[in-house]
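Produce the entire structure from the sequences given, and follow the hints as far as they go.
Quick note: the sequence shown, position 31, residue 30 per numbering that gives the first Met the number 0, numbers continuous.
Just so you know, not all the hints are guaranteed correct.
[As the list claims (entries may be wrong)] Okay, the calculated beta carbon distance ranges per label pair: (1) P96 to P187: 32 to 42 angstroms; (2) P96 to L190: 27 to 37 angstroms; (3) R42 to S126: 37 to 47 angstroms; (4) E171 to G33: 21 to 31 angstroms; (5) V76 to R50: 38 to 48 angstroms.
Derived from the structure by calculation, the hints contain no laboratory data.
Given the structure is predicted, the values throughout are model-derived calculations rather than measurements.
Every residue gets a Cβ at the ideal spot worked out from N, C-alpha and C, and that includes glycine.
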Amino acid sequence: METHTEAHIAAVILAAGGGQRLGGRPKALLTHGGELLIERAVRTARAGGCRSVVVVLGAGAAEVQQQADLTGCIVVVNQDWTTGMGSSLRAGLAALPSSCDTAVILLVDQPFVTAEAVGAVIAAFASGAEVATATYQGRRGHPVLIAARHWPEASAAAVGDRGARDFLARHEVLAVPCEGSPADIDVPEDLMLLD
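Next comes the structure, spelled out in structure tokens:
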């Protein structure tokens with residue numbers, strides 16, 4: 000097994016949602032600490048050890064690309080984003096470079112997931128885990144790590160808004176305790192979590 004410093008680790012950041020419950024503004028363009036959520040997610044992925052970063056956009060894709068600094072990212076526009084997170088996960092996994100050994104899945108609307116959490120699931124891969132998730136006080140969250148050989152199965156299972164949930168249910172998943180918070184920004188009340 001390669002060490003995680005030798006392996007090619009990629010992030011897939013799912014950022015296609017339209018934020019319907021937030022009044023229809025793309026979550027990628029919300030800000031926290033003066034930083035766009037999409038830029039924050041990219042920075043977190045890179046700081047955690049991801050060499051490649053795939054960003055999956057959908058709602059407001061042109062606006063996001065115009066406003067956000069996505070330099071060095073592989074940007075994919077999911078035209079089917081309204082069908083749910085599954086299509087975005089499929090698009091993101093399909094866009095990964097063939098040299099990648101594993102993917103770390105992040106959600107743009109979870110700005111309190113840390114680079115340390117990304118690093119922790121990558122360390123699990125280095126120790127031999129092929130499927131791992133961050134856990135917060137015992138509850139599964141993101142990032143989710145999926146080794147390359149499982150991508151076809153994960154893609155096939157990604158339907159509707161379930162993302163990798165059905166795939167994870169069929170596999171032994173290493174739980175990686177993490178600090179931070181998996182809180183997501185879904186409804187107007189959640190905007191109070193942002194500064």
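Hints, verified against the model:
Hint check: P96 to P187, Cβ distance near 38 angstroms, so the stated range 32 to 42 angstroms holds. At roughly 35 angstroms, the beta-carbon separation of P96 and L190 lies within the given 27 to 37 angstroms, and the hint holds. Checked against the given bound of 37 to 47 angstroms, the beta carbons of R42 and S126, roughly 25 angstroms apart, lie outside it. Between E171 and G33 the beta carbon distance is about 41 angstroms. The supplied range of 21 to 31 angstroms is therefore violated.
The hint said 38 to 48 angstroms for the Cβ distance between V76 and R50, and at roughly 22 angstroms that hint is violated.
Of the numbered hints listed earlier, those contradicted by the structure are 3, 4, 5.
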